[in-house]
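Asker: Starting from two chains that each stand alone, build the complex the way the hints lay out.
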Amino acid sequence: MTPTARNAAEAPAGHRTASRSGLHARASRSLVVLPGRAPVSTTPKVSLNDICLTYGVNTKGRLIALDHINLHVQPGEFLCIVGPSGCGKSTLLHLVAGLHRQTTGEVLIDGKAAQGTGTDRILIFQELGLFPWLTVQQNVEFGLRMAGVSKAERESKAADYLRLVHLHQFRDNYIHQLSGGMRQRVALARALATEPDVLLMDEPFAALDAQTRDLLHDELERIWAETGRTIIFVTHNVREAVRLGDRVVLLTFRPGKVKREYHVDLPRPRHLEDVPVATAAREILGELREEINKSLEAEYGNETNR
Amino acid sequence: MKRTARYVLFYSVLIAAWVILAKLKVWPPYIFPTPWGVGEALWAGFADHSFWIAIAVSMKRMLIGYGLSVVFGMILGLGIANSKFLEETVGGLLVSLQSLPSICWLPIAVLWFGLTEKAILFVVVMGSLLSVTISMETGRKQLPKIYSMAGRNLGAGGFQLLLHVTLPASLPYIVTGLKQGWAFAWRSLISGEMIFVSLGLGQLLMMGRDLNDMSQVIAVMILIIALGYIVDGLVFKTVEKRLQERWGLAPAS
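Line by line, the protein sequences give chains A and B.
Under my numbering, the very last position in the first sequence is 306; numbers go up by exactly one each time.
Under my numbering, the very last position in the second sequence is 253; numbers go up by exactly one each time.
Same shape as in the complex, but just chain B (with noise of 0.2 Å):
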């Protein structure tokens, strides 16, 4: 109660804030926004369709994209985890590549694929499979050896055993990892479509810019970020939750 009772009171005062600024006209509205321009723009762009189709063209970019990372950087983290010859030379190269932005790989998607979808869809997987790569690696490595042993104790054998026993047991170690790889797989997707223009929430947002309209910038950003929170702060969260309480890290609230 307390706690909402603050954030009440922060936005309050924040859009208070705004509100006075954009009243007193100290700057022209193409360089400060007033909020109920950021409203209509809001309004408009959902009334007219332009933000839902958006929306729908960058989700269905981060689905596949992001539905590649796991996979490939799944198995990629597994392989890595598996083999000390690939942990030492594939291992050591993608922590090196970690400090490459993803979007350093635009040029080289559009060489390779053109100005297509799969250009869009290559930075988006480069933004998002190290991390997922990573965290399973270490997942695996993490893993109780007892579990597998347990396993094969059991009758389960290679493919058995990786589909029933080391995948569901790395979970909550990799969990973590998928949240990070869709963090960096949603800022890979955005900066790509802000430079390379075909729909999609970063093509809205240059848009806004390229017609001076910055209350459509402000709503296109505010998009973006409840976007993201709802996925981020929703979704996993609660898959986090359900599986740290599944496994007995965390008490049941």
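Only chain A is shown next, with the shape it has when bound in the complex (with noise of 0.2 Å):
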């Protein structure tokens, strides 16, 4: 499916476009905190049973990244982790990517279990990871190549999505002449090139000047609802989670857990400037800071003693 031939109204999240009246009940409290809101009827796109993460198991010196995370991704939902650094977000993004396995638990798609690698569900690098030899429109298509689609539809697809992402007339180049804006979004065409159901995305926008990530979250936002994905983005960032999220989702410090997950909902298009936001993401933030204290703690505990 082209990108443009679903379109929003076609979406099947119902939370997208959040009534208005949704946002007067609560004026006075944006967000809605709902520890044990019944999931949906339908089947999430993406479970994690139980994650837990362990390493060194033979060692003394064990340490457990990941402790029974129970978390159920809806179709369609774009779902945003937060926590402090060290919290183990984008190994849990790793696990659903797999690319790295967990010690117990499962990851589910679609009810599933999820087997490796699979181009259902690609990951957004923090790094990108974009390959340098190859030109723009060669990167989008790395993912069809690899899959065996013929020249000419791999070249229609890389088409749209690049234009999508507004990089058309940059095919040519190569990734180094790019900005990093314009390198984001290269990855982001290359990643929704393999039409995937899940879109995964590591802190994507940390490294870039504050305008650029304005701008690529509306992208982003337009892009998602465009496409209909379900999305799962982590983020250091608790104002970008709300900006963008349908539901944030907060980690403990080591080991990760969770600590609490809060529904965002607020009308869409958002704003980081909007005063809702910056609100809710006040109130995460209290949450967040505690962990965030705690990691501090691990860091440089040893020379605060002394």
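Calculated directly from the structure, the hints in this document are not laboratory data.
Note that beta-carbon positions come from the ideal geometry of N, C-alpha and C, so glycine has one too.
Heads up, a few of these hints could be off.
[Stated by the list, open to error] Which stretches of chain A does chain B cover? Using the computed rule of at least three CB atoms under 8 Å from a CB of chain B, they are:
1. 118-124
2. 142-152
3. 169-179
[Stated by the list, open to error] Label pairs and their computed distance ranges (CB to CB):
4. G67/B - Q169/A: 38 to 48 Å
5. V95/B - A210/A: 44 to 54 Å
6. S99/B - A207/A: 43 to 53 Å
7. G114/B - H176/A: 49 to 59 Å
8. V90/B - D214/A: 50 to 60 Å
9. V95/B - H72/A: 49 to 59 Å
10. Q169/A - W18/B: 57 to 67 Å
11. A207/A - V90/B: 33 to 43 Å
12. V90/B - H271/A: 53 to 63 Å
Answerer: In structure tokens, the structure reads:
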């Protein structure tokens, strides 16, 4: 399916176009914390069941990275995961992508156990991992080429997705000739070109300047609406999470556990400067602060004691 | 401009000194050749096709021997980089073998293959295999993990990953090793040909000695230098520069 074929109206998730009345009803409290909300009756797109990840099982210095993570992501949902650095949020994405294996627990895609990597779930790495020996177009075509798609089809699909991220005129450039924001968009187009159901994004905008990031937030939101993908988005920026997500999950610092979930019932399109966004972010930040302090203590603890 | 001027000046002085020394006739020409004698030898060598034949024979051996080195060196290097066991066993052996001049393989080669083309190729391969292997190994290890993760993530597996990700990604890391491998192969070939007679530039050089023809010796030496320079300085430099430009490692000039 081409990205433009499916429009926002057809997109499955109803909560995407949150009603205005909802905003008014919760004007004083923009965030609804619903820890026990019953899951929607459809099969979750992605289910993490009791995921544990332990490093160094044989040695004494055992590190529990992830501790009984249970998460269910609905089809078409935009889920954001926030947490202090070192809480294992990137690792969680690698598990879903199949690039890493959990110690116990299971990752289900459409209710079926995920086997290794698969182009139904594509990860956009923090460092992007674009291939410098290929042009922009060849980068976007890469996944299709591996799948044995014919040259003509590859080219037309790559053209579609490059237009979607407004990079069609740069298709013959090499990666180092592009700006940070443009590279980010190439990575997005490359991931979308394989038409994955699930898009996994690992702090993709962390290294960008504020203006570029704002623009990319808008573009990502638009593309999400146009393509109806399920997105799991990891960030340490709470405002960004509230700006983008239908739901924000807060992880604790070492071991990584789900501390709290927040449903963000704010109308779209949102902006980082919106007062409700800021208010909601502040609320989550209060909880996050505790975890950040723990992570700082772990890093600097020894020195402050002296 | 200034640089070319310096080059011209340096070589003019060098040749002028040579001409003066030759004119003074301090030594007989079979010990100290004249520039015009060397020029004549070069001309004659190309005119009677003996130089062309020698170049063709030597280049053919280089291409086959070096080609084999690159293929096997890459396979070996990748194997060593991917296996702790191979690294500790074969890897260590290769490093110690590096101190062995490649011409030392000639006796074995002759005993194994006899006085054949294969013996020469064996020496060439042994001369360049190690540097290709070691550069492939270090190249593979330096390779950022992100590329293979991204490749796997996009559905590349096994051989596809090797062909479309690992090899192209390690090119800028191994191009120096490939260049060095070529230089070693070239040296091994010439020394092999000098000892083991069967056409080629090395043999031409020894023929000059046998005939007490100093002019031919110098002419062939100039030829060997020129060929080495053309391949090393022009072919490899260009490839290296193109790679760096494409990877964004050097500013495109």
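Asker: Each hint should be assessed against the structure and marked as holding or not.
Answerer: Structure-based check of all given hints:
no., hint, in the structure
1, 118-124, "holds (count 4)"
2, 142-152, "holds (count 5)"
3, 169-179, "holds (count 4)"
4, G67/B - Q169/A: 38 to 48 Å, "holds (41 Å)"
5, V95/B - A210/A: 44 to 54 Å, "holds (51 Å)"
6, S99/B - A207/A: 43 to 53 Å, "holds (46 Å)"
7, G114/B - H176/A: 49 to 59 Å, "holds (53 Å)"
8, V90/B - D214/A: 50 to 60 Å, "holds (54 Å)"
9, V95/B - H72/A: 49 to 59 Å, "holds (53 Å)"
10, Q169/A - W18/B: 57 to 67 Å, "holds (59 Å)"
11, A207/A - V90/B: 33 to 43 Å, "holds (41 Å)"
12, V90/B - H271/A: 53 to 63 Å, "holds (60 Å)"
Violated hints for the displayed structure: none, as all numbered hints are satisfied.
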